[in-house]
Structure formats: C-alpha cells, structure tokens
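Asks: Go by the hints and put chain B onto chain A.
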Amino acid sequence: MIEIKNLVKRYGDNYAVNDISFSIEDGEIVGFLGPNGAGKTTTMSILTGCLSCTSGSVTINGVDVFDDPLQAKKMIGYLPEFPPLYLEMTVWEYLNFVYDLKECTLAREAHLSEICDRVKLTDVQGRIIRNLSKGYRQRVGIAQALVGNPRVIIFDEPTVGLDPKQIIEIRTLIKDLGQDHTVILSTHILPEVQMVCDRIVIINRGKIVADEKTEDIEKVVVGARQIQLKICGPAKEVESSLKALSGIKYAEVIGERELSSTAYLVESEPGLDMRKSIFNLCASHGWPIIGMEAVGLNLEEIFISVVDEKEASAPKKKTRKQRG
Amino acid sequence: MFAIYKREMRSYFVSPIGYIYLAIFLAVSGVIFSLTTLTKGASSDISLYFTYMLMSFFVVLPLLTMKLFADEKRQRTETLLISSPVSLTSMVAAKFFAAFSMFLIGFLVSLINLVPFFYFASGTPDTQTIFGSIFGLILIAAAFIAIGVMVSALTESQLIAALGTMVILLLLVMISAFNSSIDSYFLRSILSWISVMDRFSALTVGRFDVSAIVYFISLCFSFLFLTVRVYEKRRWA
Chain A
1 MIEIKNLVKR YGDNYAVNDI SFSIEDGEIV GFLGPNGAGK TTTMSILTGC
51 LSCTSGSVTI NGVDVFDDPL QAKKMIGYLP EFPPLYLEMT VWEYLNFVYD
101 LKECTLAREA HLSEICDRVK LTDVQGRIIR NLSKGYRQRV GIAQALVGNP
151 RVIIFDEPTV GLDPKQIIEI RTLIKDLGQD HTVILSTHIL PEVQMVCDRI
201 VIINRGKIVA DEKTEDIEKV VVGARQIQLK ICGPAKEVES SLKALSGIKY
251 AEVIGERELS STAYLVESEP GLDMRKSIFN LCASHGWPII GMEAVGLNLE
301 EIFISVVDEK EASAPKKKTR KQRG
Chain B
325 MFAIYKREMR SYFVSPIGYI YLAIFLAVSG VIFSLTTLTK GASSDISLYF
375 TYMLMSFFVV LPLLTMKLFA DEKRQRTETL LISSPVSLTS MVAAKFFAAF
425 SMFLIGFLVS LINLVPFFYF ASGTPDTQTI FGSIFGLILI AAAFIAIGVM
475 VSALTESQLI AALGTMVILL LLVMISAFNS SIDSYFLRSI LSWISVMDRF
525 SALTVGRFDV SAIVYFISLC FSFLFLTVRV YEKRRWA
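Chains as they are written, first to last, in the numbering used here: chain A, 1 to 324; chain B, 325 to 561.
So that you can see chain B by itself, here it is in the shape it has in the complex:
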C-alpha cells in the first residue's frame, strides 16, 4: 500500500499537475482572503473566507483526483496493481491518501493567509470560528476527494473524471440554494440534510456539530467503499 502511495505522490511532482494544483489553490485562497478581509469595506466576519474556500474546492479538488484511476486505465497499468498481492481496499486507500496529502500540503500553506489576521487585526480574532472552519474544511475535502476518487475509477478520460466530479461537488455545495424556491417542507429538509453548505455553517460558528462530522466522514467512507466495489464489479463482470 505504501508503495502505491509513494508512487502517486511522486507522480504529482514529476508531472506538472501537482504544481498546477498548488499554484491554483494558493492563488485562489490568496485572492479570496484579500477580497473577503483586506479590501475596503470588507466584513470583519472571517467565516466568509472559509465559505468561499469551500466553494473553490469543487473546482480545484478534481484536479487532484482526476488522474488517480483514469490514468492507470489509459496507460493500462492497473493490471499491474490488480495482479500484484495488494488488496483492492489498500489500493484505493493509498490513492485516496495521496490526493488527501496533496490537499493538506496546499491547505497548510494557505493558512499563512491568516497570519496577518492574528498579528495586525485590531481586536481579538474569532479563534473558535477559525479552528472550527479549518477542521470542517479538512473533513469536507476528504469527502470530496473520495467522490473524485470514485468518479476517476469510472472512466478512462481524465477530463470526464474532472468534469464529472465538478458536477457532483457543485450539486452537493449548491443544493441548499434551491431551498428558497421549493415549497414542500419535506423536500426542503431532505435537501438541507444533504447540503454540505448547511452542515458546514454549523462548524464555522465554532459549534462542535457531531452530526456534521459523522456526515462528512461517512460520505468519505461510502465513496471509497463504492470505488472498491467498482473494481470488484469489474472483476465479476
């Protein structure tokens, strides 16, 4: 399992995709931070920064996950993985953790954005919101990466993998936006139950919302499980 992880990490940095991802992620986070906090007339509410960061995930995270399985299929290297003494679960896990590590690298670097906030802001920063949001974003990213991993396992084309992931993530993030235009309370409650945004907002105010945490973690695990099933099924097809 560690061999696959190591190879994935290496391939992020041998191909341009790792650098492109990091560049885009850091640029986006920098721009969002300036716009939400540093410009004239910006709100003092830091949670806006994190909310926009979450929205940026659906564009940047597919860049990390699109190649994971799609490229193996295109290059026909997956037979090597499948015929070697490694279980499907550890193969999927290794790839997930590689993408997740890349995300963490970019995300930890982007936290530098917050440094001026702590040093130069007049008044005390809302540490509860900040740490709650960081924690929430990491969980959400894990879930989103798991979704990307699964979509990547479904196709041979990286482009389709990326676009497919984007659509699913966009729906998950934006789904509560439809709420105001839906009359049925029943439907509305289902949508807000699924909505990532609604659950995230609980974390951003610094509330330790167990149901949100369970939701993100189970989202992550179910999609990784589904990826394993995709491969299982292909064997049995």
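If we strip away everything but chain A, and leave its shape as in the complex, we get:
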C-alpha cells in the first residue's frame, strides 16, 4: 500500500530524516514512535505531500507522491498535530467545505452523517467549532480526515492534550478505523502504540531503529525473560535450587517483601517459559509460592534500551555532527 524508499530530508547539514525505508501493507495499523524531534512529523508531512524530500521516493498504492501529488493526496486523509479547523464555522459547514475541497463523489448527506456517527459528532453538528472542547475539536479533525473515505489515514499525535477518558475514546476509534483503512499513527506515548497498533516503527534522529510486530518487539529487544517470585521457605536453599534448575540463567534474592517470605528475581534463557518448572520445584520441596509475576519490559524500557544501544554503537563524531 505504502512504499517508502531511502527517504532523506536534509536541512543544511541537519538530517531531519536520514535514509528511511519501509513499507506498509493494506489494512495495517502502524505506530510511528520516537522522541520529540525524531523526524516523525517530517516523515508524515512528506507522505502527505506537504513537504518535499531531499531524495528517495514515496508511493501510495503505486502512485508516486512527487510525480502525481493530486492523485496521491486523494487516497490520504491527514490529521496534523494541530487539527486544521476553521474556528468560525460550524462542524457541519466545515465538513461540507472539506467535502468540496476533496472533490468527493460520494452522496454528500449520507457520507457526512455516517462520519459524524462514527466519530460521535452528531450531537454537536450544528455548533461552531470555536465553542467546542479540545476533545471534540480533535474528533472534528479526525472526521475531516475521513471525508472521501480515503484508503490511508495518517494521524500525527492524535491524543496529545486530551484527558484520559478522551484518550481512550480516540484510541478505540482509531482501532475501529483500522478495520477498513490503513492507519499510520505517530506518537511519543508508548502504551498507546502498544494498545492500538499491529506494528511499531521506532525512529530516532531521523533513522529507523526498530521495525517489528507489536508482540514481537519485546522479545527482539530483550531476548530474556524475567520473573519475580515470592516464596515462603529458607532463602539460601531456595536460591540455590532455583539456580540449579535447567533453563534458568540467573537467580537472586532481592529481599524480604512480606512476612516469612522472600522475593527472588529469576531470569530464564530466551524463549523458555519457566513458570511451570519453578512451581514443580517449589511444590516438591513444600515451599509455597505466594507470588509470581512476569517482569515484562514495558515499551518505555524497550525504547530507552533500543535508542541507547544504537547510540552506543554509533561513532561519536557522527552523533555530534547530527546534533550540530
């Protein structure tokens, strides 16, 4: 559906986007993740034809964004970081304007009502956008992107500045849209991509540092799996038998957490689930397990580790140059 090849955007000596390539299949929800200034918005602006690139190519459904921008733009709905709303218009007038602007051919009334229904705007249809809350304005922005039923929808930080309830609603909506659209979403909030996206592309300083399926990404980055245990029993004995268990890479006492129990941190070899054998071990010794918790790395940690790893392996001169 979307093919990005060797995309470079340079401002003087500064690379905003440095040789990015990836492709997105039809119907995927892809999360574009990175710290502020990583090049997310730049990439999205190039995708939507708002910005040119220094070199490289972008094709959407086989149409080159630079050769045939009008055709390509017809297939894209774009919600920029700041929703482009004309505050003096009512929601309905605004959507009608967008409808005309995109030269839609779908039945006007039916199409716009359907969009309003979908993003739950029907109640405020007749109100002036200036008087709407931030959450509703964001919805109007999303509605705008849906006009004309484009195949690709691009959201740039869609949940910034919303309250927790609104964030959940918008995420649900995006997930729902993913069923019949290709969705690209940028964010620096990690649980968001974890919740919404099928695939995560992590970008830092204009380069892709990871591109994985959401469920794979923890494995790839961490490789090993940690378990925190709370076991009632003689601490030293438990520790040594845990260490002796095959498949366990490492075990240690991390302290007394509850009365008469000790907490342990156990790390298993990659790809092994040790929970059953730990249970069997403890059962055979008569040590009750009162707590067992997988310490899965959350995306924050993954993110930091990926970014740090890349930085550590990159030559120092280069990083300094990129900063300057």
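There's no promise every hint is true.
Claimed, not checked - With a Cα cut of at most 30 Å, we get these calculated DSS-like pairs of lysine-lysine:
#	chain 1	residue 1	chain 2	residue 2
1	A	K74	A	K5
2	B	K330	A	K74
3	A	K249	A	K236
4	A	K165	A	K213
5	A	K74	B	K557
6	A	K120	B	K330
7	A	K207	B	K557
8	B	K557	A	K5
9	A	K213	A	K5
10	B	K330	A	K134
11	A	K230	A	K249
12	B	K397	A	K120
13	A	K74	B	K397
14	A	K74	A	K134
15	A	K134	B	K397
Stated by the list, open to error - Using C-beta positions, here's what the derived DEER-type ranges look like:
#	chain 1	residue 1	chain 2	residue 2	range
16	A	N6	B	V383	51 to 61 Å
17	B	I518	A	D123	51 to 61 Å
18	B	A351	A	D64	45 to 55 Å
19	A	D216	B	S411	35 to 45 Å
20	B	L362	A	D123	49 to 59 Å
21	A	R108	B	S411	16 to 26 Å
22	B	W560	A	D117	33 to 43 Å
23	A	S133	B	R398	19 to 29 Å
24	A	D117	B	R398	27 to 37 Å
25	A	D67	B	S542	30 to 40 Å
26	A	D123	B	R398	23 to 33 Å
Treat the hints as calculated values from the structure; they're not laboratory data.
Don't be surprised by glycine CBs; every beta carbon is placed ideally from N, CA and C.
Replies: For chain B alone, kept in the frame of chain A given last:
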C-alpha cells in the same frame, strides 16, 4: 478551487472584516466624491475623483488581502489545503478571486456616486473619462490585490501583512512624485515606467493605452505567480 473561494467569501461576511471594509470603502469614496465634485468651487474634472480613489486603494485594499494566507498560517489550517488534492495555483487563484470579488462588490456599489452626476450635471459628462477610469481602477485593484496576496503569504501576522502591503502600494502609487527632484533622465524614465499613477492617467483621459493594460495585468499575474512560488519554496525548504 471553488470550495476555497466559497469559504473565503463566507468568512468575509462571518467575520466583521468584510463589513468594515465595505463601510470604509463606501465612506471614503463618498467623501472623495463630495469633495471633488459637489463642494463649492470644485473642479468639473471628474478624473480628480478617480485619482483620489486610486490613492485610497493603498489603505483599503490591504484590509481585504491581509488575512488570506496569514490567518491560515496562524490557525494552522493551511496544512488542510496543502494536503488536499488541490493545486497550489488554484488555491492562490481562489483566494485572489475572493478578495477581488469583495472589491468589485464595494466598487460597483460606489458607482452610485456617479448617478447624480449623470442626472443633475449641467452639460454632458465626460463618459470617456468615466469609463476609462473605471476600467483602469478595476485593473489596478486586481494588481494591488495580487500584491497583497503575496505579502500575506509571507507572514503569519495580519498586521504585518497589511502594513507591508500598504508600504509597497504607497511606493507604487507615489513613486512618480519623486520625479521632479531627480536629475537623471534615465532614473526618471524608469520611475515613471513603474509608476502606477502615470500609467493610470493615460486611461483617465479615455485613451485606450495598451501598454498600461498589459502592465497592470502582468503585475497581477507576476505577483500571483510569486505567491505560488512562496508555497512551492516552503515545500522544498
């Protein structure tokens, strides 16, 4: 393109700016007309009215053009226009025509001023001067609006857009005033070539001056072209 035009026209009348513009334009034209023709001792030369009208353009026309692009930028709505399947040329054209239509509305209404002239003046009015001047003013307004459109595309602030346009228009209108104090014939001829006033005066006497018409139309087109380039350049920056 028509969608943008329609939205611009609508926004003139939803915000106060359209009404303010029309009020100022009609008041100014009325005052100028009374002063130049109806007061005691006024000249019978109607072309004076049109000349003063031209001078008023540099104050009133920036009111129409200042918001066109500056406000889109401030409200961050231009991404919508740029990311939608509309070419930059038609985007600029739509905005130009919206401002030009507003001008035409005010200008056509202001022609009512001339009605008493036709009915009550003793003697025959100089129709050649009148129609020539009207034609000339419309062309000049188109050129001035194009300049305002471009300045508006350069800034985020409506105030700067308006002031910048005023300065450029003032220079274009007044440039021949410096002529008398310049010795070099070469410079003088260049200045009078640029001067809008000198070219306009040819039209006011009812002479169908092709070079003046070509000058105004090309002024208009070049500034609209430059506006498109401003946006093109921003994409490539």
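Asks: Work down the list of hints and note, for each, if the structure agrees.
Replies: So, going through the hints one by one against the coordinates:
1. K74(A) to K5(A): Given pair K74(A), K5(A) holds - Cα atoms ~21 Å apart, limit 30 Å.
2. K330(B) to K74(A): At roughly 21 Å apart (the allowed maximum being 30 Å), K74(A) and K330(B) satisfy the hint.
3. K249(A) to K236(A): Given pair K249(A), K236(A) holds - Cα atoms ~17 Å apart, limit 30 Å.
4. K165(A) to K213(A): 27 Å, holds
5. K74(A) to K557(B): 23 Å, holds
6. K120(A) to K330(B): 27 Å, holds
7. K207(A) to K557(B): 25 Å, holds
8. K557(B) to K5(A): It holds: about 23 Å lies between the C-alpha atoms, which stays within 30 Å.
9. K213(A) to K5(A): Since the Cα atoms of K213(A) and K5(A) sit roughly 20 Å apart, the hinted pair holds (cutoff 30 Å).
10. K330(B) to K134(A): Satisfied, since the Cα-Cα distance of roughly 27 Å is no more than 30 Å.
11. K230(A) to K249(A): Measuring from Cα to Cα gives roughly 18 Å; hence the hint holds.
12. K397(B) to K120(A): 28 Å, holds
13. K74(A) to K397(B): Roughly 23 Å between the alpha carbons, so the hint for K74(A) and K397(B) holds.
14. K74(A) to K134(A): The given pair, whose Cα atoms are some 27 Å apart, holds under the 30 Å limit.
15. K134(A) to K397(B): 20 Å, holds
16. N6(A) to V383(B): 51 to 61 Å: 53 Å Cβ-Cβ, so the 51 to 61 Å window holds.
17. I518(B) to D123(A): 51 to 61 Å: 58 Å, holds
18. A351(B) to D64(A): 45 to 55 Å: 54 Å, holds
19. D216(A) to S411(B): 35 to 45 Å: 43 Å, holds
20. L362(B) to D123(A): 49 to 59 Å: At 58 Å between Cβs, range holds.
21. R108(A) to S411(B): 16 to 26 Å: 23 Å, holds
22. W560(B) to D117(A): 33 to 43 Å: 41 Å, holds
23. S133(A) to R398(B): 19 to 29 Å: 21 Å, holds
24. D117(A) to R398(B): 27 to 37 Å: 32 Å, holds
25. D67(A) to S542(B): 30 to 40 Å: 31 Å, holds
26. D123(A) to R398(B): 23 to 33 Å: Holds, at about 29 Å.
When the structure is compared with the earlier hints, no violation turns up for any of them.
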